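Sequence order for the protein chains is G, H and F.
0 is the number of the first residue of the first sequence in numbering that gives the first Met the number 0; add one for each residue after it.
0 is the number of the first residue of the second sequence in numbering that gives the first Met the number 0; add one for each residue after it.
0 is the number of the first residue of the third sequence in numbering that gives the first Met the number 0; add one for each residue after it.
A few of these clues could be false.
[To be verified] Pairs of lysine-lysine residues, derived as DSS-like cross-links and limited to a Cα-Cα distance of at most 30 angstroms, are as follows:
1) Lys206(H) <-> Lys91(G)
2) Lys222(G) <-> Lys282(F)
3) Lys208(H) <-> Lys91(G)
4) Lys222(G) <-> Lys321(F)
5) Lys138(F) <-> Lys222(G)
6) Lys107(H) <-> Lys208(H)
[To be verified] Derived list of chain G stretches under chain F, where covered just means 3 residues or more per stretch with a C-beta under 8 angstroms from a C-beta of chain F:
7) 26-35
8) 212-219
9) 233-242
Just so you know, the hints here were simulated from the structure itself, not pulled from any lab data.
Quantities reported herein were computed from a predicted structural model and do not represent experimental measurements.
Using N, Cα and C, we set each Cβ at its ideal position, and we do this for glycine too.
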Amino acid sequence: MLRRRGVLPGFGLSLGYTVFYLGLLVLLPLSALAVKAGGLGFTEFWRSALDERAVASYRLTFGLALLAAAVNAVFGVLVAWVLVRYRFPGRKLVDAFVDLPFALPTAVAGIALTAAYAPNGPLGEPLGRLGVRVAFTPLGIFIALTFIGIPFVIRTVQPVLEELDPSLEEAAAILGATRWQTFRRVLLPGLYPAALTGFALAFARGVGEYGSVVFISGNMPMKTEIAPLLIVTKLEQYDYAGATAIACVMLGVSFLALLAINLLQRRVRGAS
Amino acid sequence: MSHSVSRLGGHGRRAGRQDTAEEAPLIRWLLIGVALLFVCAFLLVPLVIVFSSAFADGLDAYLDALADDETLSAVRLTLLAAGIAVPLNLVFGVTSAWLLSKYEFPGKSALVTLIDLPFSVSPVIAGLIFVLLFGAQGWFGSLLSAWDVRIIFAVPGIVLATTFITFPLVTREVLAVMQAQGSDEEEAALTLGATGWQILWRVTLPKVKWGVIYGVILCNARAMGEFGAVSVVSGHIRGETNTLPLHVEVLYGEYAFVGAFAVSSLLALLAIVTLVLKQWVEWRAERRTADLATGAAPPTVARTVPAG
Amino acid sequence: MRIAAALSTLLVLCLGVLSCRKDGAADVTLLNVSYDPTRELYGEINAEFSAHWEKTTGQSVRIRQSHGGAGKQARAVIDGLEADVVTLAIAFDIDAMHERAGLLPKDWQTRLPHDSAPYTSTIVFLVRKGNPKGIRDWKDLVREGVSVITPNPKTSGGARYNYLAAWGYALREFGEEGAAQNFLARLYGNVPVLDSGARGATTTFAERGIGDVLLTWENEALLSLKELGDKADLELVVPSVSILAEPPVALVDTYADKHGTRKVAQAYLEFLYTPQAQRIAGKHFYRPSGASAAAEFADQFAEVTRFTVREIAGSWREAHEKHFADGGVFDRIYQPGAKAARAR
Chain G
0 MLRRRGVLPG FGLSLGYTVF YLGLLVLLPL SALAVKAGGL GFTEFWRSAL DERAVASYRL
60 TFGLALLAAA VNAVFGVLVA WVLVRYRFPG RKLVDAFVDL PFALPTAVAG IALTAAYAPN
120 GPLGEPLGRL GVRVAFTPLG IFIALTFIGI PFVIRTVQPV LEELDPSLEE AAAILGATRW
180 QTFRRVLLPG LYPAALTGFA LAFARGVGEY GSVVFISGNM PMKTEIAPLL IVTKLEQYDY
240 AGATAIACVM LGVSFLALLA INLLQRRVRG AS
Chain H
0 MSHSVSRLGG HGRRAGRQDT AEEAPLIRWL LIGVALLFVC AFLLVPLVIV FSSAFADGLD
60 AYLDALADDE TLSAVRLTLL AAGIAVPLNL VFGVTSAWLL SKYEFPGKSA LVTLIDLPFS
120 VSPVIAGLIF VLLFGAQGWF GSLLSAWDVR IIFAVPGIVL ATTFITFPLV TREVLAVMQA
180 QGSDEEEAAL TLGATGWQIL WRVTLPKVKW GVIYGVILCN ARAMGEFGAV SVVSGHIRGE
240 TNTLPLHVEV LYGEYAFVGA FAVSSLLALL AIVTLVLKQW VEWRAERRTA DLATGAAPPT
300 VARTVPAG
Chain F
0 MRIAAALSTL LVLCLGVLSC RKDGAADVTL LNVSYDPTRE LYGEINAEFS AHWEKTTGQS
60 VRIRQSHGGA GKQARAVIDG LEADVVTLAI AFDIDAMHER AGLLPKDWQT RLPHDSAPYT
120 STIVFLVRKG NPKGIRDWKD LVREGVSVIT PNPKTSGGAR YNYLAAWGYA LREFGEEGAA
180 QNFLARLYGN VPVLDSGARG ATTTFAERGI GDVLLTWENE ALLSLKELGD KADLELVVPS
240 VSILAEPPVA LVDTYADKHG TRKVAQAYLE FLYTPQAQRI AGKHFYRPSG ASAAAEFADQ
300 FAEVTRFTVR EIAGSWREAH EKHFADGGVF DRIYQPGAKA ARAR
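Next comes chain G alone, as it looks inside the complex (with noise of 0.2 angstroms):
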């Protein structure tokens, strides 16, 4: 598909415009962040980063957003799988609603997440009586998340799944293996990249979310305060080194996040 460099016109000019824009709206930016971080000395950064508040505010989110990914990774294979394979009223419905946390802003999510789950909510309340807490614990956060997670891995495993070829289960059940066999055996190799790529989509997303997770969290340090919302009380401190700190080694996960697809999409696309 890829041509050689030099078929068509504009190389130039789109690479000149391309690293440009991004340089001005991106590069730059991130590179004030840099510099900022940089000029705090080298004991002083991890003094910052690796305080016991910023350590226990890691472990949460990106614990939480781990976890958020995994369910996902599960449910998001289920979902894919039924929406694809079966045909049932309402699923082109929810095949639509499935991108709704996506085009649906972040604060409106996190009022309506924490008004259902508070514990007079309409869904809290019943929780509450079961001696479930949602709100303000952090299993409040880990539900923002995954409704956050929601779209990736549907989103990566359906084509996946439409471009399987039919046959080659019908050749595994010809040739005697159980419906659950061959899902193990046929079918999940072949899901396991896409799955894999929206579990890591999933992930990076939950661990900078701020928006639908500020409302539910309950915001108390070491227990539910997630990175992004101490980077914010950092500023409001005017604690800019800290907060240039924490966001350092958040971007730092995340570029490693994006990287690690990167490479997982370049080995399937190797396999293909």
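Given chain G, work out where chains H and F should sit, using these hints.
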């Protein structure tokens, strides 16, 4: 992240499948049930809450809340910010997708990763970097102050933050379609003597039209709904630098819960319109594929992951 | 490349056009950057002042408002939100504007009467109807099974008053700092949610139904009784002692001079001390400093012994460094080692 491309015509092919590789009806319905439960529990609940709370005090209270001056100015600002950010990213999206799909060059995958970077940067950090650049204590702070130009705590800052957050969206959608379609027709046009601009306007853009529209819809939804980044750079001047999502927070803090949810419902409605439009674009693209010779036609819309 | 240059010029132009000031119809505009609970108060004062100013000078004035958590607002002004006047919760945030950006002189607080605080307030409790947990005073807040709602003192001015009020009570009660620190550790051990601002905390308590008692500004408590009272079933409890809260106002010299609005900004702040504005403050449940308004609204406010920040912590700066700065008493409360103390 590169893009997974689906052939939208694929649904029909499966309709006549043999039952040899099908689950028992019981299991099938069980799976459907679990999937629906998951989707409803997570997706439907927030929507229902938003609309039921918005209309809790009746239609009049709802309309009053929306007719408020500050709400209207928030609508205007939101439209303005999206109206600038989306075209900027549209031009960039088409240009960078052209670059990334038509040429091979060293450093290409690094470039792709960099373009994707704003997607995984926390919105809070996106706001912070513009404060570090344009704040009174920032790099350009004294310069801007001397020229009496305001970036942050004014409309330009909000536009910049919005543009940053929605940066990769059009690129991703258009790139996926361009890659899927290849460059054969463009090269044919070149041999026939077309110039670069002619190829772009007459050959490429019509081919990737639906991908572009799709990207614009997603980019617009995200631009209008951005909260975290805009909140850091806004300054919260009432009736001036509050966008709709920020206005939701303001109303929420004023015990105006009906108002907060009324404005939220406006945004939720926007989300639903976005989903409907998206569905329509997919349907149009699908029909176009079907109109062309069956099977031979290239896929026209890539259903990719909406980046956040 | 020419296209790229043209497009970037366009981008810069767009931003430039947008950054130009649009002042609308008014002859002069002021920006008042304030904290969360004053929205209603300044909504009314601004209208009165505009009428007053137009009548006396013939000049129409429009006052733009910005509200948010006190720390966030002060940070925004330091970062270039060009406020002509600031009306914040604690003097410390205005001191920061002097120290970090030199936006106003060091002695700003002496430029207006009553240490630049045109109205005062205090910290009180809101409890559920009927006071089911029997909460009467500060000592009841550390009882087991009592859930206390207060915002994060690192980001909210009101929360700092809450914290210092509890600290002041404990110092009076126990007479020494170790015990007072222990008292605060137990109190914050009972806090399930730390909102970032006073308004968020009120919403959590009144709307979300979390907690048995809310520590808040007296004006917030009275306002939410008025706004949410019937629906939320709340009751006011006034503790035996509390803190004198003095939300200060100040002219931001650098920005007012830059905009050429010093005269009207100064008049605006002085207007806050007139009987007219004092009555509005009283109406919005702030304790007026002017005698006539204070008398008029006397029965609205409960008698309570109020100690000042100076009495219990020295200056705001000392209070900040000791309690709220990173590694201060408040942080130590949340360190894992403090769990044992909280569990008791």
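query = Three or more residues of the segment 212-219 of chain G near chain F by CB distance under 8 angstroms?
reply = holds (count 4)
inquiry  = Count the residues of the segment 26-35 of chain G whose Cβ falls closer than 8 angstroms to any Cβ of chain F, and tell me whether that reaches three.
reply    = This one is violated; 0 residues, fewer than the three required, reach chain F with a Cβ under 8 angstroms.
message = Lys138(F) and Lys222(G) were given as a pair; does the straight-line alpha-carbon distance stay at or below 30 angstroms?
response = Since the Cα atoms of Lys138(F) and Lys222(G) sit roughly 25 angstroms apart, the hinted pair holds (cutoff 30 angstroms).
inquiry  = Holds or violated: Lys107(H) and Lys208(H), Cα atoms, limit 30 angstroms.
reply    = Given pair Lys107(H), Lys208(H) holds - Cα atoms ~24 angstroms apart, limit 30 angstroms.
query = Hey, Lys208(H) versus Lys91(G), does the alpha-carbon distance stay inside 30 angstroms?
reply = holds (23 angstroms)
ask   = Is it true that the CA of Lys222(G) sits at most 30 angstroms from the CA of Lys321(F)?
value = holds (23 angstroms)
inquiry  = Tell me if the straight-line CA distance from Lys222(G) to Lys282(F) falls inside 30 angstroms.
reply    = Distance ~40 angstroms between Lys222(G) and Lys282(F) Cα, so the pair is violated.
inquiry  = Just to be careful, I want the Cα atoms of Lys206(H) and Lys91(G) compared with a cutoff of 30 angstroms; is the pair within it?
reply    = holds (26 angstroms)
Given coverage of the segment 233-242 of chain G by chain F, checked by CB-CB distance under 8 angstroms (3 or more) = Satisfied; 6 residues make the cut.
Figure legend: structure checked against the earlier numbered hints; hints not met, in rising order: 2, 7.
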